[in-house]
Structures are given as C-alpha cells and as structure tokens.
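With chain A fixed as given, assemble chain B onto it according to the hints.
2 protein chains.
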Amino acid sequence: MFTISLGSRVRKSPFFEATVKAGVRNFSVYNHMLMPTGYGDPQAEYWRLINAVAIWDVAIERQVEIRGPDADHLAQALVPRDLSNCRIGQGKYAPLCDHAGRLINDPVLLKLEACRYWLSLADSDILLWARAVAAERQFAVEVFEPDVSPLAIQGPKAQAVARDLFGDWINDIRFFGFRQTDLDGIPLLLARSGWSKQGGFELYLQDGSRGEELWNKVWEAGQRYAMGPGTPNAQERVESALLSFRSDTDDDCNPLEVGLERYLDLAAPAEYIGKSALQEIARQGPRRRRVGLLLDTQPMTPCQQPWPVSYNGQPVGTVSSAVWSPRLEHNIALALLNIEAASPGTAVDIQSPERILSAEVTDLPFI
Amino acid sequence: MFTISLGSRVRKSPFFEATVKAGVRNFSVYNHMLMPTGYGDPQAEYWRLINAVAIWDVAIERQVEIRGPDADHLAQALVPRDLSNCRIGQGKYAPLCDHAGRLINDPVLLKLEACRYWLSLADSDILLWARAVAAERQFAVEVFEPDVSPLAIQGPKAQAVARDLFGDWINDIRFFGFRQTDLDGIPLLLARSGWSKQGGFELYLQDGSRGEELWNKVWEAGQRYAMGPGTPNAQERVESALLSFRSDTDDDCNPLEVGLERYLDLAAPAEYIGKSALQEIARQGPRRRRVGLLLDTQPMTPCQQPWPVSYNGQPVGTVSSAVWSPRLEHNIALALLNIEAASPGTAVDIQSPERILSAEVTDLPFI
Numbered sequence: 011m012f013t014i015s016l017g018s019r020v021r022k023s024p025f026f027e028a029t030v031k032a033g034v035r036n037f038s039v040y041n042h043m044l045m046p047t048g049y050g051d052p053q054a055e056y057w058r059l060i061n062a063v064a065i066w067d068v069a070i071e072r073q074v075e076i077r078g079p080d081a082d083h084l085a086q087a088l089v090p091r092d093l094s095n096c097r098i099g100q101g102k103y104a105p106l107c108d109h110a111g112r113l114i115n116d117p118v119l120l121k122l123e124a125c126r127y128w129l130s131l132a133d134s135d136i137l138l139w140a141r142a143v144a145a146e147r148q149f150a151v152e153v154f155e156p157d158v159s160p161l162a163i164q165g166p167k168a169q170a171v172a173r174d175l176f177g178d179w180i181n182d183i184r185f186f187g188f189r190q191t192d193l194d195g196i197p198l199l200l201a202r203s204g205w206s207k208q209g210g211f212e213l214y215l216q217d218g219s220r221g222e223e224l225w226n227k228v229w230e231a232g233q234r235y236a237m238g239p240g241t242p243n244a245q246e247r248v249e250s251a252l253l254s255f256r257s258d259t260d261d262d263c264n265p266l267e268v269g270l271e272r273y274l275d276l277a278a279p280a281e282y283i284g285k286s287a288l289q290e291i292a293r294q295g296p297r298r299r300r301v302g303l304l305l306d307t308q309p310m311t312p313c314q315q316p317w318p319v320s321y322n323g324q325p326v327g328t329v330s331s332a333v334w335s336p337r338l339e340h341n342i343a344l345a346l347l348n349i350e351a352a353s354p355g356t357a358v359d360i361q362s363p364e365r366i367l368s369a370e371v372t373d374l375p376f377i
Numbered sequence: 011m012f013t014i015s016l017g018s019r020v021r022k023s024p025f026f027e028a029t030v031k032a033g034v035r036n037f038s039v040y041n042h043m044l045m046p047t048g049y050g051d052p053q054a055e056y057w058r059l060i061n062a063v064a065i066w067d068v069a070i071e072r073q074v075e076i077r078g079p080d081a082d083h084l085a086q087a088l089v090p091r092d093l094s095n096c097r098i099g100q101g102k103y104a105p106l107c108d109h110a111g112r113l114i115n116d117p118v119l120l121k122l123e124a125c126r127y128w129l130s131l132a133d134s135d136i137l138l139w140a141r142a143v144a145a146e147r148q149f150a151v152e153v154f155e156p157d158v159s160p161l162a163i164q165g166p167k168a169q170a171v172a173r174d175l176f177g178d179w180i181n182d183i184r185f186f187g188f189r190q191t192d193l194d195g196i197p198l199l200l201a202r203s204g205w206s207k208q209g210g211f212e213l214y215l216q217d218g219s220r221g222e223e224l225w226n227k228v229w230e231a232g233q234r235y236a237m238g239p240g241t242p243n244a245q246e247r248v249e250s251a252l253l254s255f256r257s258d259t260d261d262d263c264n265p266l267e268v269g270l271e272r273y274l275d276l277a278a279p280a281e282y283i284g285k286s287a288l289q290e291i292a293r294q295g296p297r298r299r300r301v302g303l304l305l306d307t308q309p310m311t312p313c314q315q316p317w318p319v320s321y322n323g324q325p326v327g328t329v330s331s332a333v334w335s336p337r338l339e340h341n342i343a344l345a346l347l348n349i350e351a352a353s354p355g356t357a358v359d360i361q362s363p364e365r366i367l368s369a370e371v372t373d374l375p376f377i
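Chains A and B, in that order, give the protein sequences. Numbering-wise, the first sequence is residues 11 to 377 according to the working numbering. Numbering-wise, the second sequence is residues 11 to 377 according to the working numbering.
Just chain A, same shape as in the assembly (with noise of 0.2 Å):
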C-alpha cells in the first residue's frame, strides 16, 4: 500500500471534489492526469456495473480537437479507417498506429462537425503526434486540447438515467453516436459510449469549471437506480476483453495482434500512417495473439504487472491482467502469446510472484 503524491505536474480532474466526497480511496494516472480507480468496496462496485448504474469519472480520456481547412486530410492521415462515409455525430473506433503499423493508441474519433473532429484517447501523448504529422505536412489545422472531460455512467439503468435526464431522444443515439446538448445549461455531448460492456453514455462536460455541478445532477437522477460511484472496472473489462492499451500492449505491438482487425479499412482507397506496414502484416499473419487464459485457482487479486508465459517449457508471452471473475466463478487472465501458443485449447504454465500456475487458453470474450 503506497500513497500517491500530489502535485502541479499531475492534474486533477474536474469531478476530483466531487470523488473525493463520494469516498475515492485508489488514484492512477493516466494522461498526466489523476484516474480515480477505486472506493474501497470492489464487490459493490463491480455489481453495480453489472446489475445497476455507476458514475465514474473518467476526465483521463483527454481530446486532441482538430480544427480547420485540412482537418478532414489529418483526420484521415492518422486513422486507419475509411473516414470517406463519416457523418456528423458519428463516433470511430480507431486503433492509431505509426508508420510501421504499431499501435499508438485506440480513441474513439468523433466527427463534430464539417472539418471539426475529437479523438478521445487512451494513454499516449497523441497531442505530440497530430501536431507533428500536422506541421511536417503543413496543413492547414489547428490542434489542441479542448476544456473537455468525460463523466460515465455505465451498467443496464444507465439508460433509465441518461432518459430521466435529458428526454426519450436518447433512445435513438445508436452505439458510438453523439449530440450536442446541455443540462440545465451546463454545456456537453452526450455519447452512448464507455469503457464496460453493460451499456451506458458518457458526458463530454465542455466547461471545467463545473464538473461538481454536473456530477451532482447525474448522481441525484441516478439515486431512483441505486447509483453509486465506481470506476473503469478491472474485472468487467477482463471478462469482456476489452483492450486496455498499454497493458495489453507493449511498444511494437500492432493492432492485428490484439484482434482489432476489424476496425481497419485495409482495402479501402483512403491512405492513412501505417497503411502499407499493416498490409504486410495481414499478409504473413500476425506473430502474437491475444487470448484469453482460464487459470485453476483460488480467487486472486489482480495481477500488479506483467507474468511470463511458458509453453512446453519455452517463454512465448505476457499475462497482462489477471481477475477473480465473479460471474464466472473462474479466475481469468488476458495474455499477449506467440502465435505457437495461442490456439484454444493450449495450455500454458503462468510464472506469478508466489508461484507456477497452470492455465487452458480459450477463445474471447470471455462472457
């Protein structure tokens, strides 16, 4: 049990009061920025998300806004999807990668407006990265950090609140979809998005100045619901496979490798950073897969950093995370494994800190 220390260099998000009322206990950072993760009670928290509603506040998924004449070029030039069909307030899944086809990062892109898009990001400084590829090709694009902070509500009365909230025109937001709109004057977008598979809508707050505020009215609408505090939850998101870059992923790790194939346009005729680096890649197949793993064993507390794989003795990967499901009674892991060990059905031995643990690779998501 270490204290985090706080200070300038790590921002506070403008929910901060407000967690810290609700009774945060855990922090992370996560783009230079402090990441609640915890409030002391992780069974409450995970059956709320699975049986309820929970708030989070998740202000970490900073935007990088681009703005201007060549916005439409640099939006396609960084995205590995064919933006030709996007439509204003559409949002896309888009796994970022460099030039040798690595993953940089995996946002989700909002299309805004004619020439006005958000990537709203994972953990990596893709502010460096749209300004460099921006000015090394001198377009005409303004890039920059909007005041922008995502608060979730997340679990199946997500969408009861998210009615009671703002009206029954939530309904026909599809999966990714997005408006404009405001709470009581407080201005933001309303996307149905988040990190959990339990459904839910995130709300972009665009004035930092009130995130109390915003936070209050959600956590009063949601008390009808049993709303309670949480945070993006290690074992939903285990159990759902859903990728947490930079844990899942190491630096020359390419999105074909962590079964994100289907969210790039590889035949399309858009032209994009690290378009013909993939190509090859899908041409041999990817080296590594990620799987899941079934581990024979008590409930365990998560896996604090990476454990070796071995496959008939030989190393062949990483375990990234490693959870108690409660809904499987299992406990359950995610890997990044050489393709050799990567078929279901194998099985691996785990180097964790106390001991060897065996464990049947299986197919994902897990539920």
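The set of hints was computed from the structure by calculation and includes no laboratory data. Given the structure is predicted, the values throughout are model-derived calculations rather than measurements. Hints should not be assumed to be uniformly reliable.
What follows is a list of derived Cβ distance ranges for each label pair [what the hints assert, rightly or not]:
#, chain 1, residue 1, chain 2, residue 2, range
1, A, 340, B, 27, 38 to 44 Å
2, B, 31, A, 174, 52 to 58 Å
3, B, 27, A, 35, 21 to 27 Å
4, A, 174, B, 50, 46 to 52 Å
5, A, 35, B, 50, 18 to 24 Å
Glycine included, each C-beta is placed from N, C-alpha and C at the ideal position.
Here is chain B on its own, set in the frame of chain A:
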C-alpha cells in the same frame, strides 16, 4: 491520503524492489512508470541531499535512442541547439520545441558515438514525436526506447562515492559529460548530472535485470558517507529553481518564458523545429516570465495544484510549486506570471485553498 493502484499499465522500475526494501512510501507516475517520491521523512531526505548523499531511483528518466545513418539529421531537427560541435561523451540540456516554439520536453541529449544519441527525457512521449518526424522526413534511423534506467547519487558526498566505486578517473568527467563503464560487470553509463544543484552522478543501468544488484553495490559504498534513500526533492529544486516540465509549464509555454534562452542557439546556422517561431518570440519578447515568490506565512506543506496569482486585482498567472525552504527559513514559490507582474519587488496575491497569501516577486534561483 490516497493509495496508488498497481497494474501492468504503469511499469515498475528495475530498482522497484530495492526501493521497497529501503522503505519507500509515496509514488507518482512519470513516463508511464512508477516514480518514488518519498520515504516518509521529508526533512531527513532534504538534509541528506544538502549535507551528505542520497540514492534516487530515477528510472523514469526514460531514454529515446536515435541510431543510424540519419541520426545526426534527426537529432539536429529535434534539438534547438547547434550540434555541429557536439562531442562523443558530451551531454547537452535541450529544451525540445514543436513547430510553434512550444516546449514539449527538456531532456539531456547524450552523444554516445557517431550517429547514435539518447534523449534522457522529462515526462512526455517524445518517442512518438521523434518517430513522427523521422518517418515524415524519411530519415534512415531507428528510434526506440532502449533498456536503460538511471540511478542517481546526489549531494556533496556523491563525488566520493563515485570515486570509491569507479576510481579517480571520474574527476575528469565534466558537468553533463559521461563515460561508458561497468560496475563488477554491470553495464552502465556514468554521467555527471542529476536533478539537483548539490552535485552528483547518474548511473544509466543498461541491463534491467540487474537493478537490485546495482542499487546494493551503490548503497554499500555510500554507507561511510551517510548515504540514505531519497527522491527528486521538491524543496531543493524550488530553492535551486530547476525547471519541472509540466509542473512549471503549460501546453502553451515556450522556453523563453521559463528562462531557458541560454540553451537556444537562435543565431546559429543549424536548422531545427521551431526555430523561426522562437526567433519571433525572442524579437517580440516573451509575454510571461517564470519568477520566484517570497511568501509571508508560517511553514507550509507543498502546494498540490496550481494556485492563481493576481496583481492589482487582475489574474496574472499561477504558482506551480510552493514549499518551505529549510535553508532560507521562508516559504518560497515558483510562478509563471504575465510580464507586467514579473519584475522583482512586485507585490502580488496568491489564492491558496485556505486563504489569500501576500507575496513578493524575486529573482531566481533563490539559493
């Protein structure tokens, strides 16, 4: 007091186990890695740095290696200094800027050999930045993070510890100079550098599996000089006015605002990113200045977030760090202020969370 969550996304240093055994209590996250920030006795840690020698895990100073036929071209493109006279074995402090002259990191550039460099980084993903520039310009270079983790010894007795460990030749290393060597077979680069003004060395470990072994050897050699554990020290660095990138800077900050003019070669023929923007800023004069503030208050805990500063009732900037100075026996702070409030002797008000503090602008460094 909040607990920091441990997991695969935030890497551990090769010295992590050694710091735990030495009693580390507090962490932050820096370059996606756990950074020790305290061992539970701030005053002992401060005076150890001032009077004796401290051992610091600064593996979070990650390296970007640039290697290959165009390495000189890429290094010169990234660094706003004339590298034509840079010698092998020489380090140069380098305020990296983007095309608009904004400060994006302040590493030390180390020239390892012909066509081979390291950038020893502050907290931003310069790996992405350097790869973008290299690829967009089609430079023939490799850009990657090598297995390198610095361990620092800082304080007036660091010289004696280094001499006992390595021999008298270390007297010949000039500030920011370095030499490749080893310690009983542990490969490392020894540099006269470190993030304090108390003097010392950084041992750039080049085999991550041997962190605890290196720590123990250095620790043992340090015992006759009263060595103990420490971390980059907030009080000493404010007294010395060392720049903390991202604490003392914001996204729009340029190196002239924070006193780094002398590390820019604006008139040299060398071409680098941001040169014309920096020349224009120099012509017009910066609009803000990093200054010191003397505060009239009792001893206080370091500030945990930026504090607004006003002058004649108008907002003029923010305090980034405020600490009690044990040597000055005075509260001191660093602030970035609009030029009209940045002259020594100016009286300003600081909005701390509890109350308004009166302060006077002063020159840097404090000591």
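In this structure, is the beta-carbon distance linking residue 340 of chain A and residue 27 of chain B contained in 38 to 44 Å?
violated, 31 Å
Assessment of proposed distance window 21 to 27 Å (beta carbons of residue 27 of chain B, residue 35 of chain A)
holds, 25 Å
Does the Cβ pair residue 31 of chain B, residue 174 of chain A satisfy 52 to 58 Å?
holds, 53 Å
For residue 35 of chain A and residue 50 of chain B, compare the CB-CB distance with the range 18 to 24 Å and indicate the outcome.
Given a distance of about 20 Å, which is inside 18 to 24 Å, the answer is holds.
Whether the CB-CB distance between residue 174 of chain A and residue 50 of chain B falls inside 46 to 52 Å:
About 48 Å separates the Cβ atoms of residue 174 of chain A and residue 50 of chain B, which means 46 to 52 Å holds.
In this structure, the one hint that does not hold is number 1.
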